[in-house]
Every structure is written in C-alpha cells, then in structure tokens.
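My request is simple: use the sequences and hints to build the entire structure.
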Amino acid sequence: LLLPFAVPLPHMRARVTTLLLGLVTDASAYRGKAVLNGITEKLINTDKEGLNGITEKLINTDKEAVVDGITEKLINGAVNGVLKMLPSEVHMEQPVALSRSFQLPLNQSANYSLASPGVIISHLDKLTFHLDSFTRTTKTALANISISAPQLSLSTGLRGAICVDERCAKDFHDGSINADLLVSAGMDVGIKSILGVPVLVEYICIGPILQAEVGHVTVTGLGGLLDAVAVEAIKGLLDVLEAPLVDELEMVIEKLQPSCSFRSKSQRS
577 LLLPFAVPLP HMRARVTTLL LGLVTDASAY RGKAVLNGIT EKLINTDKEG
627 LNGITEKLIN TDKEAVVDGI TEKLINGAVN GVLKMLPSEV HMEQPVALSR
677 SFQLPLNQSA NYSLASPGVI ISHLDKLTFH LDSFTRTTKT ALANISISAP
727 QLSLSTGLRG AICVDERCAK DFHDGSINAD LLVSAGMDVG IKSILGVPVL
777 VEYICIGPIL QAEVGHVTVT GLGGLLDAVA VEAIKGLLDV LEAPLVDELE
827 MVIEKLQPSC SFRSKSQRS
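For the sequence shown, the working numbering assigns the number 845 to the last residue and increments by one with no breaks.
Note that these hints are calculated values from the structure, not bench results.
For clarity, every value in this text was computed on a predicted model and none was experimentally measured.
Idealized CB from N, CA, C, for every residue including glycine.
Mixed in with the good hints, there may be bad ones.
[What the hints assert, rightly or not] Here are the computed distance ranges between Cβ atoms for each label pair:
id : residue 1 : residue 2 : range
1  : D701      : V775      : 24 to 32 Å
2  : E648      : S685      : 52 to 60 Å
3  : T796      : S709      : 33 to 41 Å
4  : F710      : S731      : 30 to 38 Å
5  : V775      : T704      : 19 to 27 Å
6  : G797      : F710      : 53 to 61 Å
7  : D815      : T704      : 33 to 41 Å
8  : P671      : F710      : 21 to 29 Å
9  : G800      : G645      : 33 to 41 Å
10 : T794      : D701      : 15 to 23 Å
11 : N652      : E830      : 14 to 22 Å
12 : P671      : Q787      : 40 to 48 Å
Structure below.
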C-alpha cells in the first residue's frame with residue numbers, strides 16, 4: 577500500500593545521492609577557495625616584504641649618499657684652508673748640469689749645455705685640489721687627493737748655451753719658463769659627527785705626497801726654434817729634480833701641519 581505523499585524508494589535514493597554530491601561539491605569549492613586565498617595572501621605578504629626590503633635599501637643608499645656629500649664638502653673647505661697658507665714660492669737648491677745634442681726636422685742640429693743651482697717655483701697661490709676618493713667612519717676619513725697648478729713660473733738660474741745650428745742663446749736671461757704641476761697625496765681627516773652625520777672637521781693631515789709630475793712646459797722669449805729646444809732642456813732638468821721637488825713640497829706642506837704625524841714617507845711611482 578502506497579501513501580499518496582510517499583516517494584518511491586528508488587527515487588528517494590536518487591535524491592539523497594544528488595544532495596550528498598552537492599554538499600561534497602560545495603565543500604570542495606569552499607576548500608579550494610580557502611587554499612587559493614591562502615596562496616594569494618602569501619604572495620601579497622612576500623611582495624610586501626620584498627618591497628619593504630627594496631625601500632629600506634633605497635633609503636639607506638640615499639642616506640649614505642647624503643652623508644658622503646656632506647663629508648666631501650667639509651673636507652673641501654678644510655683642504656682649501658690649508659692650501660691658502662702655502663708660501664707664494666718654493667726655493668729648491670739642487671745643482672744640476674745637463675748637456676745634449678739632437679737633430680731637428682729639416683736636418684737642423686740642436687744642442688744645449690746648461691747648469692743650474694736649483695729651481696724657484698712661483699705662483700703657488702694658483703693651486704687647486706680635487707678629492708679623488710675617500711673612505712669614512714663617523715670619526716675619521718682616509719682620502720686620496722690631487723693638487724694641481726696650471727702654468728707655475730719657474731726660475732732656474734740656468735747658465736750655459738742653447739743652440740740651433742749656429743744660432744745660440746746664452747745664460748737664459750731672456751727666457752720665461754712656465755709649467756703645470758700635478759701632485760697626488762694621501763690625507764687623514766678627523767670628523768665630528770652628530771647622530772651619524774658629520775658636522776665638523778676636527779683635524780686634517782695632507783700627506784704623504786705619493787707622486788709629483790711637471791708637465792706642459794712652455795718657454796718663450798728666446799725666439800723660434802730656440803724656445804722649442806729650451807723646452808727639451810727644461811724637461812730634462814725637471815726629470816732630474818722630480819724627487820727633490822717632491823721632498824721639498826712635502827716639507828712645505830708638513831710645516832703647515834705641525835700637529836700631524838704622517839703614516840709613511842713619500843712612496844713615489
């Protein structure tokens with residue numbers, strides 16, 4: 577006997593199965609969504625951490641660059657203060673004798689035979705400097721600098737003769753000598769910092785001088801090819817005097833810094 581509202585057993589089983597399948601499907605979808613949300617959250621957190629790391633590095637890099645810039649400005653001012661105290665000229669007594677014969681273009685012969693008691697270098701007030709590199713802490717800095725002076729005036733006291741063929745100039749009375757000077761030196765700097773930012777140079781020690789080069793020599797006043805031959809003679813003179821010149825400049829600069837104790841003597845290349 578079947579009741580009017582009764583559902584046949586096979587139909588009931590089918591409906592229950594369908595209901596169970598629906599529940600399983602919904603549960604799987606929910607679980608999949610939860611897993612996907614978890615993965616998305618991890619990706620977002622990972623990106624956020626990476627972005628924070630990049631931002632922190634940029635901030636630190638910018639801070640280091642700013643501190644380096646402040647340090648450089650403080651060092652520049654301190655070095656300029658020392659160089660302004662240099663004497664207007666440096667006397668170097670070092671007897672030198674030179675002689676040479678060589679051929680010029682167009683089969684012209686040239687020779688010189690000269691002697692000099694030493695060199696006087698004038699116009700040192702033209703010296704400028706460049707900060708090549710430095711490493712720093714909050715208290716000190718070690719630096720390498722270049723000091724240059726264009727067209728310094730040289731007085732050599734040369735005696736002798738410079739000749740081209742049969743034409744000669746004697747004792748160099750009428751010649752004017754100029755040359756560029758480039759000096760490389762080490763430097764120690766004491767720094768006062770507040771909260772890691774440099775505010776004051778407490779001391780500065782320029783030296784030792786590592787190298788000095790004299791270049792772009794010009795001679796005028798002798799006339800024509802005699803000036804060109806004189807340039808060769810002055811270059812030969814300065815080659816001989818390079819080491820004594822470095823020592824003299826080093827002593828002059830050290831005298832301006834009596835409280836400094838230099839790490840080493842000149843190490844010229």
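>> Looking only at beta-carbon atoms, does the pair E648, S685 fall within the given range of 52 to 60 Å?
In response: holds, 53 Å
> Does the Cβ distance between N652 and E830 fall inside 14 to 22 Å?
Replying inline: holds, 21 Å
> Could one say that the CB atoms of D701 and V775 fall in the range 24 to 32 Å?
Replying inline: With a Cβ separation near 30 Å, D701 and V775 satisfy 24 to 32 Å, so the hint holds.
>> I want to verify a distance hint. Is the separation of the beta carbons of P671 and Q787 within 40 to 48 Å?
In response: violated, 24 Å
> Is the gap between the beta carbons of F710 and S731 within 30 to 38 Å?
Replying inline: Given range 30 to 38 Å: holds, Cβ gap about 36 Å.
> Regarding V775 and T704, is the given constraint of 19 to 27 Å on their beta-carbon distance met?
Replying inline: holds, 25 Å
> At the C-beta level, are P671 and F710 separated by a distance inside 21 to 29 Å?
Replying inline: violated, 40 Å
> Holds or violated: 33 to 41 Å for the Cβ distance of G800 and G645?
Replying inline: Violated, since G800 and G645 (Cβ atoms, about 51 Å apart) do not stay within the stated range.
> Is the gap between the beta carbons of G797 and F710 within 53 to 61 Å?
Replying inline: Hint violated: Cβ distance 43 Å, outside 53 to 61 Å.
> Is the gap between the beta carbons of T794 and D701 within 15 to 23 Å?
Replying inline: For T794 and D701 the Cβ distance comes to about 19 Å; the hint holds.
> Given a hinted range of 33 to 41 Å, is it respected by the beta-carbon distance of D815 and T704?
Replying inline: About 24 Å separates the Cβ atoms of D815 and T704, which means 33 to 41 Å is violated.
>> Please check whether T796 and S709 have a Cβ separation lying inside 33 to 41 Å.
In response: Hint holds: Cβ distance 37 Å, inside 33 to 41 Å.
Against the hints set out earlier in the document, violations occur for numbers 6, 7, 8, 9 and 12.
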